[in-house]
Amino acid sequence: MWFTLAEHAVITAGEHDTGHGDHHTSTGLSNNKLGMWLFLGSECLLFGGLISTYMLYRGRVGEGPRPSQVFDIPFTSVSSFVLLMSSLTMVLAVSAAHKGDDRNTNLWVTITALLGATFVGGQVYEFTAFYNEGMGFTTSLFSSSFYVLTGFHGVHVTVGIIMLMSIVGIMKRSKTPGSKAETVEMIGLYWHFVDVVWIIIFTLIYLVPA
Amino acid sequence: MAIIERPPSTEVATPATPSSSLGALKRPVSTTGWKSWVFTVDHKKLGIMYSATALFFFIVGGLEAVLIRLQLAAPNGKVLNADLYNQMFTMHATTMVFLFVMPMAAGLANYFIPLQIGARDVAFPRINAFGFWAFLFGGIFINLSWFMGGAADGGWFMYAPNSGPVFSPSHGIDFWTLGLQITGIASLTGAVNLITTVLNMRAPGMKLMRMPIFTWMQLVVQFLLLFAVPVITVALFLLSFQRNFGATFFDVASGADPLLWQHLFWIFGHPEVYILILPSFGVISEVLPVFSRKPLFGYPFVVFSGAAIGFVGWGVWAHHMFASGLGPVSVAVFSVATMAIAVPTGVKVVNWTMTLWGGKLEFTVAMKFAIGLIVLFTIGGLSGVTHSVAPSDTQQTDTYYIVAHFHYVLFGGAIFGLFSGFYYWWPKVFGKLLNEKLGTWNFWLMVIGMNMTFGPMHILGLQGQPRRMYVWTEQRAGEGFFNLGFWNTFASIGSLILTVGVLLFLINIVITARNGKIAPLDPWNARSLEWMTSNPPKEHNFDSIPTVSHLDEFFHRKYQEDANGQMVQVKTAEQVLKELEDNADAHIHMPSPSYWPIIIALGLPVIAFGMIYSIPISIVGGVIVLFGVYGWAIEPSTAPDDDFDPPTTTKDVVHVG
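Those protein sequence lines, which keep their order, are chains U and F. In this text, residue positions in the first sequence follow the numbering used here: the first is 1, and each later residue adds one. In this text, residue positions in the second sequence follow the numbering used here: the first is 211, and each later residue adds one.
There could be a bad hint or two in this list.
Chain U stretches covered by chain F per the calculated footprint, using a threshold of three residues with CB under 8 Å from any CB of chain F [what the hints assert, rightly or not]:
no.	region
1	35-43
2	54-63
3	80-94
4	142-148
The hints are simulated quantities; they were obtained by calculation from the structure and are not laboratory data. Every residue, glycine too, gets a C-beta built ideally from N, C-alpha and C.
The task is simple: from the sequences and hints, build the whole structure.
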């Protein structure tokens, strides 16, 4: 399906060629943004593979605890809410960046990173709690595939946080205000993608009964 | 020393010092010597580096194949023992697929896509350099296992339980898994880069439907890679976690489903088949029109049948698994899909044949290889259709019939296409023509050798000789025409002829480099944009970016219709080139060389070593990668204008990338 969408985008993009205007690129979309979209398309299949593995194995608990025995849905709901709110602050950061307002961009980027860190902190706490309840990485097929899927997502959030903190540093070095707007926007694309993936993971793992 | 701008100016200006990219490190600026290659971001240099490395691995993979054939040449073969034989066929396939055909196609793509679409470089030159180094280090990493306790031995599709620690206790499969992750990163970044390049960097007027067909086929391939690589990434991660961290994803005893691996592998693996063949389809779709003196017959059909193969290629993976008991509905669906994918492939064969029809054929070596592809690929394609018939496929699964099939499509198809490309594009890349006479010998020995090697395998397979059987005995050889011993020996002799054929190509390279004929500007009377520049191309490709108004732009600049509707030559290639030179851009600032791509790529195998031996090593690797990423992020892709020599006002500078 993603291939279809992408091909569709290719063909639509090709239509713009004949249009005039001073587009730097054939599609009018900057190389960086197009590259990021393509990368995120690829990421869909990465998470697709991991989610399929989890869905196949979520009932195979062996001697270990069942999902319903360990999951603390209210706790995870709160941390999911925190992650979703970080998408809002990310939007505010991108908007400030486009206005050339580096001060507010810095502010919102920092808040986004903090909210992301809260989410990752929650995940670490949750993993520790599960471990203490007897659900280790190798306990069962369910536990292995759970840790791999949520772990990969957690790594993605962490990478996002590192990028957010780095862009704050890089913006401080830059002399022209707003010059990093596109970079902020690209990190934003990545950040929203990781959030959307979490909505799917949260629904499938925690909300849909096994 | 400053970064010299292209084209170099005649006036000598005061050297400016390049600004530092991270603290003490200054940008590399050498334009000659090894540094100009190691730190380059030039797509042409990287294309050559990709291809040269791939050619090296072709020799490695070829030697592995010869050892396999020597082992099977006579009854009770003693060349290899069973264990070494398992490693040999696993690494032969891995090397040929991941370290030869894919990177060779990537090399051609790197070199020719920007030239064919009228660009001066790719969209992300540093990512391009990173991709090459990741591929090289990944390839070396996989092969290091030979010296560190034995190579991978589970077969190239590495089914469970053979991939588990019980059946493969050495570190071979760990090296294989992690090495393929690294080359996978190279493929993925390459895909993002090349798709962006094709979509965004086309010359004015170069609509999608005016793009040279090689670029089109590569575009489809890069989309396949973009979506197929992450699937194998997941599978390889799961296998790594099973082998290194005690998970049980494919362990039946723990209640796991071994078919999970098969599905993940083939969802990647089948698109991979088209990733291997479509670049060669692209190459011969360039070569056939040039040497038939006719436009490609049905250009849109060739484009859309390529795209159709790209789509349907996602719906046929389970035909690799007919013998695993998928159930009648799945088997029926995948059978029909597999038959369906033969249609767009057949469309292409028809288009190529119709391109030849009525043409003024010129049998250069490039043309011979292209025609060789049509014939040999069709044979392999037909045996492929027999696999879509599930009952027959179940009989043939894991026999030499399969080996025969995929060598006809991959050797007779993919590799013949690449060789066609070598002979066709060699003058473009190196400015010298490969020797045609030696090339003809090269071609015929390869044709004879390959048919002698892989042809009898159809018989062997239908007689039930299992794939991956490491030894045969006289008692089980059979009689008369179906004597397995005779055909095994025959195939082994064929493989030696094939080796001589390939050897002639290597000799041809050496002879051409020493005293090859200097190529004229337009040696083949070619049609597409990559020929509209000098041989070899200048560092900035085009002095001025051409405006495209036709498919086969270069041809249409040279030839126009006269009053009688005949195409007549109105300009020579030299005149066309002169027009571009007369309008040359004054100052072109190419993307600047960088340390960071190779530094980041160097961190990856270090991380992988740590995964196998000790986690602290991984942390060191991680730090190297992180350091490289920061250096990369802070350093602009093209150096600031005042770092260039001569200093220029920003107004008349053309920035690339």
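Cross-check of the supplied hints:
{"no.": "1", "hint": "35-43", "result": "holds (count 6)"}
{"no.": "2", "hint": "54-63", "result": "holds (count 4)"}
{"no.": "3", "hint": "80-94", "result": "violated (count 0)"}
{"no.": "4", "hint": "142-148", "result": "holds (count 3)"}
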